[in-house]
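Peer 1: Sequence:
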Amino acid sequence: MPFLILALFIGLPIAEIAVLIKVADYIDLWPTILLIVFTAVIGVYLLRLQGLSSLARAQTSLNEGRLPVNSITDAVGLMLAGAFLLTPGLITDTLGFALLIPAVRHGIAGYFFNKAKKSANIKVDIFGEAPGPQSHDPFGTSDQPRPRSEGPIIEGQVIEPQPKPGKSKKTKGRSSDKSSPWNQ
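If you're matching positions, the sequence shown starts at 470 in the working numbering and goes up one per residue.
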C-alpha cells in the first residue's frame with residue numbers, strides 16, 4: 470500500500486504534466502491555462518451547489534430521526550471532488566467532475582462498503598430505524614436484509630448498600646457517609 474501511494478504522488482503529477490504539454494501543443498499555451506482555470510471555477514461552483522443540497526438532505530434526515538449515511542458519503546465524495554478540481558491538471562479535473570455525479574459517488578461508496586464488509590466482520594446498524602434493507606446496509610448492496618438482533622439478555626439484581634451503624638462525621642462542610650460504597 471505505501472508503494473501505491475508513493476507511485477500515485479510521483480506518477481500523477483508526471484501524467485498531468487504530460488497531458489498538459491500535449492494539450493498545449495494542440496491548442497497553445499494560453500488557452501490551456503485558461504482551460505485549467507475555467508474547469509476549476511466551474512467545478513467549484515457545481516461543488517458549492519451540490520454541497521448545499523447535500524447539507525439540506527442531511528438536515529432533513531436528522532429531522533426525521535434517521536442517520537444521514539448517504540449525505541455523509543456524498544460529503545466525502547464532494548470533498549474529494551473539490552480537492553481534485555482545485556488541483557491544477559486535466560486528469561484530476563476529470564476525476565473531480567466524475568465525482569460530482571451522484572451515481573458515481575454512490576457506486577464508489579458501495580464498492581468500498583462491500584470491500585470492507587468482505588474483509589472484516591462488521592455489522593452496520595442505524596440507530597432508531599425499523600428493520601429493513603436500509604437498516605443494515607446503507608448503500609442497498611445486500612440481497613436480503615438480515616434480522617435485527619437485540620443481543621444477549623443479562624439478568625441482574627440491584628442491591629442498595631445498607632448503612633452501617635455508627636457515627637457520621639462532618640468534614641469541612643460535607644458529610645462523610647461511611648456506608649457509601651465509595652468510602653469502603
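Hints were generated in silico from the structure; no laboratory data involved. Check before you lean on any hint, since a few could be wrong.
[Unchecked claim] Taking CB as the label site, the calculated pair distances span:
(1) A585 <-> D494: 39 to 45 Å
(2) L503 <-> G579: 45 to 51 Å
(3) I496 <-> H575: 50 to 56 Å
(4) G534 <-> V488: 44 to 50 Å
(5) A585 <-> G480: 41 to 47 Å
(6) Y580 <-> V627: 47 to 53 Å
These figures come from a predicted structure and were not determined experimentally. For glycine and all other residues, C-beta sits at the position ideal for the given N, C-alpha and C.
Peer 1: For every hint, state whether the structure bears it out.
Peer 2: Right, here's what the structure says about each hint:
Checked against the given bound of 39 to 45 Å, the beta carbons of A585 and D494, roughly 43 Å apart, stay inside it. Our hint of 45 to 51 Å for L503 and G579 is violated, since their Cβ atoms are close to 37 Å apart. As the Cβ distance of I496 to H575 is approximately 34 Å, the hint placing it in 50 to 56 Å is violated. At roughly 48 Å, the beta-carbon separation of G534 and V488 lies within the given 44 to 50 Å, and the hint holds.
For A585 paired with G480, a C-beta distance near 26 Å fails the hint of 41 to 47 Å. The hinted range of 47 to 53 Å is satisfied by Y580 and V627, whose Cβ atoms lie roughly 49 Å apart.
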